[in-house]
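Engineer: Below are the chains, spelled out letter by letter.
Number of protein chains: 2
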Amino acid sequence: MRYAMVIGLHADKVEHYKELHAAVWPDVLRAIRQNGVRDFSIFLKEPENLLFGTFLHEGDYTEAARRIDAEPAVQRWYQLTEPCQKPMPHRAEGEWWSFMDCVFHTE
Amino acid sequence: MRYAMVIGLHADKVEHYKELHAAVWPDVLRAIRQNGVRDFSIFLKEPENLLFGTFLHEGDYTEAARRIDAEPAVQRWYQLTEPCQKPMPHRAEGEWWSFMDCVFHTE
Numbered sequence: 191m192r193y194a195m196v197i198g199l200h201a202d203k204v205e206h207y208k209e210l211h212a213a214v215w216p217d218v219l220r221a222i223r224q225n226g227v228r229d230f231s232i233f234l235k236e237p238e239n240l241l242f243g244t245f246l247h248e249g250d251y252t253e254a255a256r257r258i259d260a261e262p263a264v265q266r267w268y269q270l271t272e273p274c275q276k277p278m279p280h281r282a283e284g285e286w287w288s289f290m291d292c293v294f295h296t297e
Numbered sequence: 191m192r193y194a195m196v197i198g199l200h201a202d203k204v205e206h207y208k209e210l211h212a213a214v215w216p217d218v219l220r221a222i223r224q225n226g227v228r229d230f231s232i233f234l235k236e237p238e239n240l241l242f243g244t245f246l247h248e249g250d251y252t253e254a255a256r257r258i259d260a261e262p263a264v265q266r267w268y269q270l271t272e273p274c275q276k277p278m279p280h281r282a283e284g285e286w287w288s289f290m291d292c293v294f295h296t297e
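These protein sequence lines map, in sequence, to chains A and B.
Those letters in the first sequence? Residues 191 to 297, per the numbering used here, in order.
Those letters in the second sequence? Residues 191 to 297, per the numbering used here, in order.
Bear in mind the hints are in silico, worked out from the structure with no lab data behind them.
Honestly, I wouldn't trust all of these hints.
Which copy? The list can't say, so a pair holds if one copy fits it or any two copies do.
Below, in silico cross-link-like pairs of lysine to aspartate or glutamate (EDC-like), each with a Cα-Cα straight-line distance of 16 Å or less [as the list claims (entries may be wrong)]:
id	residue 1	residue 2
1	Lys-208	Asp-291
2	Lys-276	Glu-238
3	Lys-276	Glu-261
My request is simple: use the sequences and hints to build the entire structure.
Structural biologist: Below is the structure:
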């Protein structure tokens, strides 16, 4: 199943965010992969500074996300990335990135 | 190569857009596939009404898009979908959907 999520980026953090994502820490990549997240991309639209993330995951994504988020490297990574991000004004309780609804898919 | 694009949706057209995309015309799907577009999804974030489209394409996407857009069925489809959509305030010349830059990818 393909997921998509959206979040804003503070204008003064765009370059820093790009630099971080040009060299994501191996322990963060490992946590993602070991928990079944595949084909994960993040796209940026400037100057509105919107980030879209999309990935594949089969099975219980909520549980996978819990395990990923619990990794010490991931927690340190979030300490760098979260100050760059600006959550959507209307987001579900407990969300940081906002998950989106799939309205169309074709193979 | 994975592409991503973003566009807004007029609030009063959200339900109509969903209905259209629950049953995309076979000729439109055929035009997409015959021109090499694969794994194409469109996601919606409400109530901000942002659409995020993402697909795979190998080769010359500009030329593929020209061929898709030239199909009569696709032109009729756009007559229904374009009035629903609200292009981004800052978009490249000639764009309708705004293409986004990939800042991160992992398999």
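Engineer: Between copies, within a copy, both or neither: which fits Lys-276 and Glu-261 at Cα up to 16 Å?
Structural biologist: neither (23 Å within a copy, 40 Å between copies)
Engineer: Can you give me the call for Lys-208 and Asp-291, within, between, both or neither, at a CA distance of at most 16 Å?
Structural biologist: between (26 Å within a copy, 10 Å between copies)
Engineer: Is the C-alpha distance from Lys-276 to Glu-238 at most 16 Å within one copy, between copies, in both cases, or in neither?
Structural biologist: both (12 Å within a copy, 14 Å between copies)
Violated hint for the displayed structure: number 3, the only one.
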